[in-house]
Amino acid sequence: MKQKLLLATLKTPPRRSKTWRSVRWLMKGMPVHVLAILLYCLGTQRLHSQESVNPSSSVKSYPEKVPFDINAEPLRIAFISYANPQQVVRDTETVVDYLRPFVGAPIQSTVTLDYGSSIESMRGGKTDLAFVDPLAFMMAHEQIGAEPLLLEIYSYGKAAYHSSIWVHKDSGIERLEDLKGKTIAFADQVDMSGHLLPREIFVQKGLLPGNRFDGEFFQQVYFAGGDEQAIRSVLNRFVTAAGVSQYALLLLRPEERDKVKVIATSIESPSHLLMARKGFDSEIKQRVKRALLALNPSTPNDKVVLSKLYGVQGFAETKLSDFAEVARVAARYGFVKDPQRFANREND
Amino acid sequence: MKFVITLKNLGPSKISSLFKLSIMRIERLIQIRDRNQETKISRNDGASRAGWVLSLLAGLLAFWHPTQDVHAHIVPPENLHPVAEIYRRAVFTLNLNPVQWDQIRSDVDAFGSYWKSVDSTQSEQFRRKAETILARASVDPEKQNDVEFLPRKDAALHVFRLLTRSVASLIQNQLIAAERNLGQHANALKHVNEAREIYAAFEDVVLATDPEAGARIGINWLKMIGAIGSPGLLGVGEIKADPERFARESRDILAYTRANFHEGVVPAGRKLAPWPVNSPSFNPNAKLPAKLPPGHNVNKQIPRPRQILNMTARGVDESETPLIAVGDMAFDSSFIYGEPMRSLGMSCNTCHNKSITNPNFVIPGLSVRPGGMDVSNGFFAPHANNGVFDPLDIPDLRGIRFTAPYGRNGRFASLREFTRNVIVNEFNGDEPDPTLLDGMIAYMNEFDFLPNPMLNRDGTLNERASNAALRGEKLFSRAFPRMNGMSCASCHIPSAQFLDHKRHNIGSVRGVSVDSIDQAMDTPTLLSAKFTPPYFHDGSLPTLRSVNEWFNTNYQLNLSASELDDLTAYVEVVGDGSDAYENSSLYLDAEMEEFSFFLSAYEFLDEKKKPELINVTFQTVALEIRNHKWELQDSSVMPVMDRLAELMDEAHQASLKGDQALVANKVREYRNLYESNVEILK
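Line by line, the protein sequences are chains A and B. Under this note's numbering, think of the first position of the first sequence as 1, with each following residue one higher. Under this note's numbering, think of the first position of the second sequence as 1, with each following residue one higher.
Bear in mind the hints are in silico, worked out from the structure with no lab data behind them. For glycine and all other residues, C-beta sits at the position ideal for the given N, C-alpha and C.
Sample of chain A residues at the chain B side, in silico, Cβ under 7 Å:
1) VAL190
2) TYR222
3) ALA224
4) GLY225
5) ARG237
6) PHE238
7) PRO254
8) GLY334
9) PHE335
Kindly generate the complete structure, drawing on both the sequences and the hints.
Take a look at the structure:
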């Protein structure tokens, strides 16, 4: 009996109960400063144009499995390697194993080390599906007619992200205007979240020209070679500001993160995505789409597959017009030729 | 096959696995790739395999992919180039007494292997010089040797200078190669990136002691990246290289490294480090930041082991146990220790996570394997260094109130004495306040063993145990002639928590000499032992079976393989427990509740007039919140976490000024804010 009692207590939370907390809360009520902080939280959070997706709460069902036909035309998928190609090679095996019963055909995976390779392979008809970033997709869409298939869902259930302007917390810089005559580092000239989106923040304020990369607002603009190098340049006070992805902060060590702060955020960009070759078999395309949409991070097996797909939390449907806003930004600098094509909902 | 090296968007979920990649591992991965028939890697130029390997290394710091695995306060290793990693680890080790020459040899070998991939002639010279020094450092000075003994300090200085000069040479090599490759963007970029990453070997010291020059060099690197140009994407955005600008920036960096690091000068009385002594802006009085060497891991284990506090298991309201709250806070606090523990943010909880052995814990130079450390070293407490490399397995603290005496060799009769020694002598803290020690003892006395449904009250197995375990139980009590007629159960008494509270020399410790009498160790309990490998005082045995095999061999027990299986099955059942791990990787809400528990001692400490302990509490809560806030699942709640930490800062400042009314106000504000947000702080 005593043993049972001890085991039962183990099942209870290690600390105080929710009831206890609620009682304390009711007794004390909500002070004004709490409301102020909550309002502050709401105020500082961007209202996202794209709806948040909660991958675990939506109803998911797997598509029907189809008999495997070894003689069928193989499905060819290009995976991008962000860091360790051989790890991605291994990861693709899990993904291919997951997809195969839903596709019913052999699957060939290729790991590319840059988006240009994926697009050129698709242009040559050697790749059917490819994982790319929004800028590469838009260029591929214009140049070879690639179609958007699925957006990746990141932490917090979002299929979008934004860029930020970071400064050192002790810099005294509070507004974009304070950066006049100072230095800034972006990640790379050809980079949506590491250059074009953060640059757009200054363009919208009228601080930089919206049609070319030069401009006299800053004393000097640097391309650091990566998000981490850029934000680290702020941390180490080499430059006054950095314009990079919202997630660049997480490239700093935890103890370093509180030393930088955001003074402005950009418009949102759709997340990285899976795109399909123009004219690719629509039935196979739909099968892949349904299989990936069915992935649920709260299911252990699916979680493993998602962990091999860049650790995303799931996938969300997308359409061309999701890219309208970022296409407009990319068009300023010649990366996209016809942004209207993305804005026109008839093309969805 | 075509390859292009842009390596964009380094994913955070990949980062931790990436940091550890060495050239050898990458080459091994390439071999796996070559055998893979189904999956191909494509790139766009004709770079050689070696070039690709170097490019990959060069790109390790590249970009970012916006996905994130959120886990309990897991700090990834610093992202360092293998050369910088080796250099920093070697310099850390060279500053220790004694120096682990085996580890230095291993690092020197790895350094040489890298250099060989760049320049075989120079690497051979490096190897020969290093080998000469290491051979002289390693000989026994008491014996007649072919080579002359080199005292530790001299040998360490020689190795340090050789490595420092070599790092500077490698930076120079890479910059020259980059300049030669200007116009071929991918190649030039990989060499510059590699030079920059190798420079990281020196950078933390330069930024700390010569910040003016450090910032100038930081800009040099940025300008150099710009001078390489850009290939654009699909024909858009191409920028040509600027050789003149590149050469200018490169010259500045080389001039600095040549002036400061080719000699490896160490100012008198300072530890070995790449001091830029010849820079006009060098500050000789600057302090170096406290850092652990690359390869360390002080993260807590995931999944988190389940801690059982006796009071909680009995349903006691924690808000009315202030002394235990003080102890819980102190157990998690780095502020009860001295430097470098404080700067490193380490606490009792780092090694004994929630009282349980942290099997991940490792510090190169101080550990021989994960889960242990030499606690009498010169790094954490120079005054108490015993000059001997004697790493110990981290003991599990479950049921610690039953396990006296304390210390692996049972040298402390009381837990209080033991704890005081840990604070003052192992980790350089000030003499602890009696109330703090009382609190720590009160808290640790709450640590319970895991419940074990297969054990009866007298420690015998019940009917739930397997037949093998029941057979093993009999073996456990069998008297063995080579053990002077004793059995395993003679020391690990089942009815007494599998202890005898004595020290024995079982032959597991190497003494000073054959006849020395300095080898006894305290009998450890077997309860909950299944979850605390490795075993023995030094963690030299990896499994419970290996422990049984050790006894079988060393005491000639003549147990057959099946008897060893049975004995192991028994020990594993005794060492087992229910719900050993928590079933989630998200613990922020529990952590936040624990920080409130820390603060519940405020009134008690105020009444006892213990402002210093109140300050430690505020500092600890603030630091803990800042450490854990990155675990938030909803980043929009971050301002609440920040405010909670700020309130603790403000309470600390008010306390330092003696403004008790303001302190009380801030504590009240904290509690209100926490209670109002308790459901979302997860």
